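What follows is each chain in one-letter form.
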Amino acid sequence: MIELGKYAGAVIGAYGLSLALLGGLIWQTLAANARARRDLERQENRG
Amino acid sequence: MSIWEYANPVKFMRTSGAALPWVVAGAAVCTVTGLVWGFLTPEDYRQGSTVKIVFLHVPAAMMAINIWVMMLVASLIWLIRRHHVSALAAKAAAPIGAVMTLIGLITGAVWGQPMWGTWWEWDPRLTSFLILLLFYIGYIALWSAVEDPDSAADLTGVLCLVGSVFALLSRYAVFFWNQGLHQGASLSVQPGERMSAVYRYPLYLTMLGFGLLFLALLLIRTRTEIRRRRLAALQAREMRA
Numbered sequence: 001m002i003e004l005g006k007y008a009g010a011v012i013g014a015y016g017l018s019l020a021l022l023g024g025l026i027w028q029t030l031a032a033n034a035r036a037r038r039d040l041e042r043q044e045n046r047g
Numbered sequence: 001m002s003i004w005e006y007a008n009p010v011k012f013m014r015t016s017g018a019a020l021p022w023v024v025a026g027a028a029v030c031t032v033t034g035l036v037w038g039f040l041t042p043e044d045y046r047q048g049s050t051v052k053i054v055f056l057h058v059p060a061a062m063m064a065i066n067i068w069v070m071m072l073v074a075s076l077i078w079l080i081r082r083h084h085v086s087a088l089a090a091k092a093a094a095p096i097g098a099v100m101t102l103i104g105l106i107t108g109a110v111w112g113q114p115m116w117g118t119w120w121e122w123d124p125r126l127t128s129f130l131i132l133l134l135f136y137i138g139y140i141a142l143w144s145a146v147e148d149p150d151s152a153a154d155l156t157g158v159l160c161l162v163g164s165v166f167a168l169l170s171r172y173a174v175f176f177w178n179q180g181l182h183q184g185a186s187l188s189v190q191p192g193e194r195m196s197a198v199y200r201y202p203l204y205l206t207m208l209g210f211g212l213l214f215l216a217l218l219l220i221r222t223r224t225e226i227r228r229r230r231l232a233a234l235q236a237r238e239m240r241a
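Top to bottom, those sequences are chains A and B.
Heads up: the first sequence at position 4 corresponds to 4 in UniProt numbering, and the numbers run straight through without jumps.
Heads up: the second sequence at position 232 corresponds to 232 in UniProt numbering, and the numbers run straight through without jumps.
Since the hints were made in silico from the structure, they are not lab data.
Heads up, some of the hints might be wrong.
[Unchecked claim] Taking lysine to any residue pairs in the SDA-like style, the calculated list, with each CA pair at most 20 Å apart, reads:
| id | chain 1 | residue 1 | chain 2 | residue 2 |
| --- | --- | --- | --- | --- |
| 1 | A | Lys6 | B | Asp44 |
| 2 | A | Lys6 | B | Tyr45 |
| 3 | A | Lys6 | B | Gly48 |
| 4 | B | Lys11 | A | Ala36 |
| 5 | B | Lys11 | B | Ala197 |
| 6 | A | Lys6 | B | Trp119 |
| 7 | A | Lys6 | B | Met115 |
Note that the structure is predicted; figures quoted are calculated from it, not measured.
With the sequences and hints as input, model every part of the structure.
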């Protein structure tokens, strides 16, 4: 077990918030890309 | 072969599609390894375990500034040469830069509280970073507010030029004013001021990881923007027919 001492809250909080923000950014990027690809394919198949 | 060939959307999609798996793999390996390695480093004798925050704070802050510089270059290419891919790349980079700036500010506040005794101080670097975040938000909002994409690219390009002052200011603020709380460069080349190798090497790795993560997200988001632009063009053509 990693010993973080009296600053455990600060370290875990910084990592938790940062990873949540990065995870959200990655998820939003992939979701928007998948949606754009699907919409474009649908439009091209119509034409 | 000229670099301007990549301004062609078809060429960009083909090349970025081939490069993307490698960039994603590199970003994942470097970021995860660097952060885990950084998290496992020993406590600093003065800062205790808060030193581990450096592995998020420094790469995020570095990318916050560098992404704006990349947007500046892309905006200048758009304004001078009118290459659409460069305008779309600048647009695609902005949300990544905003998140990096936010991470830099949040980790700085969480780190500052135990070390400086305050979450926030109107210090030159902190203040210029907050203004940089506001510029990122304004830039994203301006893209959304203007309907015509070329006009939006023009206006955001000019905003990017203005915001570059603050991007550079946030990089060099600690040298302009000496009254701030924030320290100077974390990775000094001076041997006496150098960070210990125990922390320096995982920090290099996370910096590389964040750089590759940005590149991966930038390529995906630019591809998304190109697809959206093509979709809009096809829909407009269908409406006219």
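Against the structure, the hints come out as follows:
1. Between the alpha carbons of lysine 6 of chain A and aspartate 44 of chain B the distance comes to roughly 13 Å, so the proposed pair stays at or under 20 Å and holds.
2. Only pairs whose Cα atoms come within 20 Å are accepted, and lysine 6 of chain A paired with tyrosine 45 of chain B is accepted, the gap being roughly 13 Å.
3. The straight-line distance between the Cα atoms of lysine 6 of chain A and glycine 48 of chain B is roughly 8 Å, inside the 20 Å bound, and the hint therefore holds.
4. For the hint pairing lysine 11 of chain B with alanine 36 of chain A, the CA-to-CA distance comes to about 19 Å; that is within 20 Å, so the pair holds.
5. Distance check on the hinted pair: lysine 11 of chain B and alanine 197 of chain B sit about 42 Å apart at the alpha-carbon level, beyond 20 Å; violated.
6. Using a Cα cut-off of 20 Å, the hinted pair lysine 6 of chain A and tryptophan 119 of chain B holds, with the two alpha carbons roughly 17 Å apart.
7. A threshold of 20 Å between alpha carbons decides the hint, and for lysine 6 of chain A with methionine 115 of chain B the separation of about 12 Å falls inside it, so the pair holds.
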